[in-house]
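Trainee: Sequence:
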Amino acid sequence: QLTRARMDQITAGTAPDDLATKIMTQRDPETNEQFSIDEMVDQVAIFFLAGHETSASALAWALYLLATHPEWQDKVAKEAAILTEPDYGSVAKLKLSRDVFRETLRLYPPVPMMVRQSRCPVTFRNRKIAPGSQMVISPWHLHRHIRLWDNPDGFDPSRWHSENGKACLRDAYIPFSTGARVCIGAGFAMVEGPLLLSLLLKSFRFEALSEHRPTPVAHLTVRSNAGIWLKIHPRSAEFGAT
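Residue numbers (the working numbering): 41 to 282.
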């Protein structure tokens, strides 16, 4: 109903100049066609999935990793004590939180695999790939490849400052895909994730429950098979928590 109402506004020339209007009036460069109402509904569903489900998954795994690595949890909480207002200007100061969130996306990429289709013939690693061939790309496997990463299965947010980490960040790190099909919300996610993580760690301490160890499974995103169970404690004033 909302999509149809916006389409009527576009037809009448009264639609607001926002993202929805831009998407619905954009024409395909090859067919010159616009999105139909059904196609636009699909796009809205994708935006909700990409903008909520993936961020929620990454944040949940980040809290679990910090709960199982209390030394890093304390470091992030101490850094988070500088936050007075949760604004964009504060994000640049959250370097540890950003490293932790980046490492979480390496170990538990919300989208563990994606499919791409070849548009032209190409030879890849001595294999001829015909147009229309589908190729599976797996951030999960790439991010844990023993030939690429030092300590690939370990949680080490400091890796991003090593030569290996810098090289892999450039060549083997694709939690948001890459190239022309890179996630449109990648920049926003790297602002939202570290900021939310810091705000939570500023006020609370998270403790893992040994009887509830999560096992990752791939659905639409990487989730735990039985949820992620954490005990939450109000944080003391040692790091300036309020």
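Treat the hints with care, as some may be off.
Unchecked claim - With a cut-off of at most 27 Å between alpha-carbon atoms, the simulated BS3-like pairs for lysine-lysine come out as follows:
(1) K115 / K271
(2) K118 / K135
(3) K206 / K271
(4) K62 / K206
(5) K271 / K135
(6) K62 / K135
(7) K115 / K133
(8) K118 / K133
(9) K115 / K135
(10) K118 / K62
(11) K206 / K133
As the list claims (entries may be wrong) - Taking CB as the label site, the calculated pair distances span:
(12) V84 / A52: 30 to 36 Å
(13) S250 / G219: 23 to 29 Å
(14) E247 / A96: 18 to 24 Å
To be clear, the hints were calculated from the coordinates, so they are not data collected in a lab.
Keep in mind it's a predicted model, so treat the numbers as computed, not measured.
All C-beta atoms in this analysis are idealised placements derived from N, C-alpha and C, irrespective of residue type, glycine included.
Trainee: Hints first: check each against the structure and report whether it holds.
Mentor: Status of the hints after comparison with the structure:
Between K115 and K271, the direct Cα distance comes to roughly 19 Å. Compliance with the 27 Å bound is thereby established for this hinted pair. Taking the CA atoms of K118 and K135, the gap is near 12 Å; set against the 27 Å cutoff, the hint holds. Annotation: proposed proximity of K206 to K271 is violated, straight-line Cα distance about 34 Å (limit 27 Å). The hinted pair formed by K62 and K206 fails the criterion: a straight-line CA distance of about 37 Å is larger than 27 Å.
For the hint linking K271 to K135, the alpha-carbon distance of about 26 Å falls within 27 Å, and the restraint holds. With a CA separation close to 35 Å, the supplied pair K62 and K135 exceeds the 27 Å bound. Under the criterion of a C-alpha separation no larger than 27 Å, the hint pairing K115 with K133 is consistent with the structure, at around 13 Å. Distance hint between K118 and K133 is fulfilled; the C-alpha atoms sit about 12 Å from each other, no more than 27 Å.
Proximity of K115 to K135 is assessed by CA-CA distance (about 11 Å); at most 27 Å being required, the pair is judged to hold. For the proposed pair K118 and K62, the alpha carbon gap of about 43 Å is over 27 Å, so the pair is violated. Taking the CA atoms of K206 and K133, the gap is near 20 Å; set against the 27 Å cutoff, the hint holds. Here the CB-CB span from V84 to A52 is close to 21 Å, at odds with the stated 30 to 36 Å.
Between S250 and G219 the C-beta distance comes to about 42 Å, which lies outside the given range of 23 to 29 Å. Between E247 and A96 the beta carbon distance is about 20 Å. The supplied range of 18 to 24 Å therefore holds.
Hint violations for this structure: numbers 3, 4, 6, 10, 12 and 13, all remaining hints satisfied.
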